[in-house]
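Chains G and S supply the protein sequences, listed in that same order.
For the first sequence, position 166 matches number 166 in this note's numbering, and the numbering has no gaps at all.
For the second sequence, position 260 matches number 260 in this note's numbering, and the numbering has no gaps at all.
What the hints contain is simulated information worked out from the structure, not anything from laboratory work.
Among the clues, some could well be false.
Stated by the list, open to error - Calculated pairs, DSS-like style, for lysine-lysine (alpha carbon to alpha carbon, straight line, at most 27 Å): (1) S:K124 to S:K214; (2) S:K194 to G:K149; (3) S:K214 to S:K184; (4) S:K124 to G:K44; (5) S:K214 to S:K194; (6) S:K194 to S:K184.
What the hints assert, rightly or not - To give a feel for the contact side, a few chain S residues facing chain G, derived at Cβ under 8 Å: (7) C67; (8) Q142; (9) R182; (10) G233.
For each residue, glycine too, the CB sits at the ideal point set by N, CA and C.
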Amino acid sequence: MRIFRLTIITVGILLFWQAVVWISQAPAYILPTPHAVAIALIEKRSLLAQHGLVTLSEIIAGLILGTLCGAISALTMAHYRPLRHWLLPVLVISQAVPVFALAPVLVLWLGYGMASKIAMATLIIYFPVTATFLDGLRRTEPGWIDLAKTMSASPWSILINVRIPAALPSAASGLRVAAAVAPIGAIVGEWVGSSSGLGYLMLHANARMQIDVMFAALSILALIGVSLYFFMDGLLRRLLPWQPDDHHDLR
Amino acid sequence: MLNSQADIQLHNITVSINARNLFHNLNMTIAAGSWTALLGPSGVGKSMLLRVILGLVGQTAPLIIQCTGQVSHAGMSPLNTNLISFMAQRDLLFPWLNVCDNVTLGSRLRHGRFKGKKQRAVAKQQAYGLLDAVGMADHGDQMPASLSGGMAQRVALARTLAEDRPIVLMDEPFSALDAITRIKMQELSARLLKGRTVLMVTHDPLEALRLGHKVIVLNGAPAHPRAPLTPHGLPPRAVDDPIILEMQGTLLRQLAEASP
Numbered sequence: 001m002r003i004f005r006l007t008i009i010t011v012g013i014l015l016f017w018q019a020v021v022w023i024s025q026a027p028a029y030i031l032p033t034p035h036a037v038a039i040a041l042i043e044k045r046s047l048l049a050q051h052g053l054v055t056l057s058e059i060i061a062g063l064i065l066g067t068l069c070g071a072i073s074a075l076t077m078a079h080y081r082p083l084r085h086w087l088l089p090v091l092v093i094s095q096a097v098p099v100f101a102l103a104p105v106l107v108l109w110l111g112y113g114m115a116s117k118i119a120m121a122t123l124i125i126y127f128p129v130t131a132t133f134l135d136g137l138r139r140t141e142p143g144w145i146d147l148a149k150t151m152s153a154s155p156w157s158i159l160i161n162v163r164i165p166a167a168l169p170s171a172a173s174g175l176r177v178a179a180a181v182a183p184i185g186a187i188v189g190e191w192v193g194s195s196s197g198l199g200y201l202m203l204h205a206n207a208r209m210q211i212d213v214m215f216a217a218l219s220i221l222a223l224i225g226v227s228l229y230f231f232m233d234g235l236l237r238r239l240l241p242w243q244p245d246d247h248h249d250l251r
Numbered sequence: 001m002l003n004s005q006a007d008i009q010l011h012n013i014t015v016s017i018n019a020r021n022l023f024h025n026l027n028m029t030i031a032a033g034s035w036t037a038l039l040g041p042s043g044v045g046k047s048m049l050l051r052v053i054l055g056l057v058g059q060t061a062p063l064i065i066q067c068t069g070q071v072s073h074a075g076m077s078p079l080n081t082n083l084i085s086f087m088a089q090r091d092l093l094f095p096w097l098n099v100c101d102n103v104t105l106g107s108r109l110r111h112g113r114f115k116g117k118k119q120r121a122v123a124k125q126q127a128y129g130l131l132d133a134v135g136m137a138d139h140g141d142q143m144p145a146s147l148s149g150g151m152a153q154r155v156a157l158a159r160t161l162a163e164d165r166p167i168v169l170m171d172e173p174f175s176a177l178d179a180i181t182r183i184k185m186q187e188l189s190a191r192l193l194k195g196r197t198v199l200m201v202t203h204d205p206l207e208a209l210r211l212g213h214k215v216i217v218l219n220g221a222p223a224h225p226r227a228p229l230t231p232h233g234l235p236p237r238a239v240d241d242p243i244i245l246e247m248q249g250t251l252l253r254q255l256a257e258a259s260p
C-alpha cells in the first residue's frame, strides 16, 4: 500500500513537471523535461554515483556524530542540573547564529574536504537532537521515578532503566527532524567550497548550462532525503514498538 | 511481626508547603501486620503522609516543602532498610517492558538485567507464580498497552508482591477501576497482602470499611487524625454487611464535618 502510494505520488510529480514544461514552453536550459533528466541520469550514472556517495557519506557521518554529541550533551545536562543552567543558554545562543553563516568559516578551518561538510551536518542536527532528548529526560513521569526510588534503585539505575527509555520517544522526533535536515548541512557545505559531492556537481553543471545534470543531481538528492527519512522512521518504529503511535500517514 | 516494635511510628511530623502547615506535630501509629485505611477530604494531606513515610518529600519544585519529624519502624527509618513497597492510583507499568518484566522490575532496577540463563529462569518462574496469583498468568508476554485498567492494576499488585516487603503503602489503588473490578481487586489484595502492614489512602468509605482493620479519618488544617474506627470481623468484609453499611453512615458524617 505504501509503495503503491509512493509510486502514484512520484508519477504525479513527473506528470505535473511535464505539464509545466508543455504549458510554459520553457527552453531546455531553464527547465528540462523529465525525459531529458532521465537520459542524463542514465548517461552520467557513474559520475552521479561517485558524487552521490560522497554526499551520502557526509550526511551519515554527520547524523552519527550529531546524534552522539546531542545525546551526550542532553544526558550531561539532565544528570548535572547546575550545569544545565549554564549550558542551555550557550546552546540557544549558538543557535541564534545561523549555521549557514558558519559554512565559510568551517571551510576555512576544516578545508575543502569532507570534514567541513560533516561538521555542517553535525551542527545543524545537534540542536534538535539535544533539545528533544533533554526535554524527554526532564519530563519523566514522576510516578515512575518515585516507584523506582521505593524499589531502592540508585540514581544511575533510574537514569539507565527509567529516564532514558522514557525519553526515547521524544528523542525519536528529534532524530526524524535530524534525518530530514542533515542533507541541507552537507549541501550548503559543498556549495561554499568543495571538489566533490552532489552540491559541487550542481554548481559545476549550472555554470556549464548542463541543466539536465543539475536536475539529475537534484533528483538523487531528493531520493537520498526521502530514503533517509523512511529508514530512520522504520528503525525508530522497530526500536520503540511500545511508543504510542498516531502518525500512520506515511505508512 | 505482631509486637508493637514493628508498628510504624510517626513522631512530631511537621510538613509545610509554601509556609502553610499541612501537618503540625502529628503523631500516629500504624499497627503492624494489619490493614489501616486512611480517609479524609481532598487536599488534607493523605498522599503527603504516604510520601513522608516513603521518604519522598521535598522534590516537587516549584513548591517549597519543609518536613521535620521522624518515621520509625523497629527503631529504624523504614525506607533505608528496604521495608516498604508502594502501589499508586495509576498502575505505573513501564510501557517498554512486557508484563512479566514489569513484575520483576524491582530486581531489574537493583541488579541490572539478569545475568545468566538460570537466574533469568528463576526470576521468570517467580514472576509467573505471582501473575498466577493475581489471575494474569496468561498475559505475561503482553505489553502493558494491550491491558485494560483492571488487568494493569492486577499486574501492579503482582509487582508490589514481588518486592515481598513487610510494609505496603497504597495511594487510592483501586479508585480508577469500575465498581465490579474494584470489588474483585479489593478481595484479591486483602487475601494476598494478609499479614503485612498495609496503609491505604482512599476516598471511598465503603472500601475503607471493607478492607481496614482500622479506619482513620484525617481532617483539619493542620491535619490531625480522629479516633480510629475498628469495624467488627475480619477483612475483606461483605459489601452488604449491615454493620458496615451503618458504619459507612457514621464515616460519611465524619467526612462531611471534616470538609469545609
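Hint by hint, here is what the structure shows:
Restraint check for K124 (chain S) and K214 (chain S): the C-alpha separation of about 36 Å exceeds 27 Å, so the hint is violated. Between K194 (chain S) and K149 (chain G), the direct Cα distance comes to roughly 24 Å. Compliance with the 27 Å bound is thereby established for this hinted pair. Distance hint between K214 (chain S) and K184 (chain S) is fulfilled; the C-alpha atoms sit about 21 Å from each other, no more than 27 Å. Among the hinted pairs, K124 (chain S) with K44 (chain G) is inconsistent with the structure: their alpha-carbon atoms are about 60 Å apart, more than 27 Å.
With a C-alpha separation of about 14 Å, the suggested pair K214 (chain S) and K194 (chain S) falls inside the 27 Å cut-off, and the hint holds. For the suggested pair K194 (chain S) and K184 (chain S), the alpha carbons sit about 16 Å apart, so the restraint of at most 27 Å is met. With its C-beta approaching chain G no nearer than about 15 Å, C67 (chain S) sits outside the 8 Å limit, and its interface hint is violated. Evaluation of the Q142 (chain S) hint against chain G yields a violated restraint, the C-beta minimum of about 11 Å exceeding 8 Å.
For R182 (chain S), the suggested interface contact is broken, since its CB lies about 20 Å from the closest CB of chain G, more than 8 Å. A cut of 8 Å between beta carbons decides the hint on G233 (chain S): the least distance to chain G is about 31 Å, and the hint is violated.
Checked against the numbered hints given earlier, this structure breaks hints 1, 4, 7, 8, 9, 10; the rest are met.
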